[in-house]
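> Sequences and hints are given; from them, build the entire structure.
What follows is each chain in one-letter form.
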Amino acid sequence: MSLDEPSLARLMAASQRGDRAAYRALLGDCRTWLARYFARRIAPHQVDDLIQETLVSMHRKLATWDSDRAFLPWLAAIARYRWIDMLRRQRDEAELGDNDAAVGAEDEAVHARLSLDHLLALLPPKQAQAITLVKIEGASIAEASRICGQSESLVKVNIHRGLKKLSQYIESE
Amino acid sequence: MTDVSIDDLIDGLADDLKPIRPRRLLRGGAWTAAAWLIGGGTLLWLLGMRHDLAHGASMAPMPMFAFWLIVALGLAATWSALRMGLPGVGRDYSGWRWAGLAALALPLTALVVGLGDTHAAMHGMDPHGGMRCTLDGLVAGLGVGAALFAWLKGGAPTSLERAGWVVGVAAGAAGAAVLALHCSSDNMVHIALWHGLVVILSAIAGRLILPPLPRW
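Chains A and B, in that order, are what the protein sequence lines are.
Residues 0 to 172 (numbering that gives the first Met the number 0) make up the first sequence, in order.
Residues 0 to 215 (numbering that gives the first Met the number 0) make up the second sequence, in order.
Calculated from the structure, these hints are not laboratory results.
Some hints could be false.
Claimed, not checked - Partial list, derived from the structure: chain B residues whose beta carbon lies under 10 Å from chain A:
| id | residue |
| --- | --- |
| 1 | S4 |
| 2 | D6 |
| 3 | A56 |
| 4 | L134 |
| 5 | V138 |
A virtual CB, placed ideally from N, CA and C, is assigned to each residue, including glycine.
As structure tokens, then:
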């Protein structure tokens, strides 16, 4: 397994020429890299789904990598796009009142929250609290409403607005 | 989702692989330039060149200044839009913003000219003819807008709203540049208002129309 930029770029160039063995090796390396990338950004139970979505997007957009440029920033851009897309979907679900499954308190979950905590700190406290309770800790809207002391509709609004702002922060990263 | 299903996915994607031709910025740029030449050429063929150019003379200095300013904005926005089709974290797409800031020299010049000559300013703001100019410019930029949209549709733009603005500015500036070769007015208020409106309206249209379309 070779996660260094020159090796990945070589594998990608061979993949663009149609070398399936190189492509299989590249996808395996990308999977490892993506697992690390997403582990610090989303809840652990969503990582595999996001890796799969990113690999499919990468496959569809193979032609958009230019061999004169580095490979990892290209992969990171696709990964970030898929991540933002997932945040958007969560925002839309928040509008409908859906909830995520609860995230366990294992080590992994703590790591996954590291960069989220940084982003959440940029939000108004009420929005950050609503997102933390419902989207990360898995509380229902009703439970979050009791804990926050806000009405259920206000919790939904705060989640909607907060996730929208998070998407904007990430896009401007 | 389990590790096994990711392994299956990787096998499936690898089996599905076919040789592909990487997308090159220069090729996208060539298509966009061709779209501009066809759109602009058609408009100028139908409506004619401005009178001084048609007689082999040079443009007056101020309209020429406006023309090159708009061309610079169009080139910067087109280049940014093309680069947005090839993603990469940390890439700088902001060239068009600097060109846009420089283009503010146009309305500022018009303001100074207008304050010095209110009769010319009133004449320049006359919508009769002005609106026709704006419409012609919008039509002349459609080719560039379509070419850039096609480029982004086949590419992987990661910020669709920004891409919408930039494609709109590029198409509008392309149309306004063609307009500068057609419209015979040397009135800076007319140029800043009605030709500048082409860029503004086109940018708004790009922002409203484009983002949902190239989502991938």
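> Next, verify each hint and record whether it holds.
Each hint tested on the structure:
1. Against a cut-off of 10 Å between C-beta atoms, the interface hint on B/S4 holds, since the closest Cβ of chain A lies about 7 Å away.
2. With a least beta-carbon distance of about 9 Å to chain A, the hint placing B/D6 at the interface is held under the 10 Å criterion.
3. For B/A56, the interface hint is violated, the least distance from its beta-carbon to any beta-carbon of chain A being 44 Å, above 10 Å.
4. Evaluation of the B/L134 hint against chain A yields a violated restraint, the C-beta minimum of about 34 Å exceeding 10 Å.
5. A cut of 10 Å between beta carbons decides the hint on B/V138: the least distance to chain A is about 31 Å, and the hint is violated.
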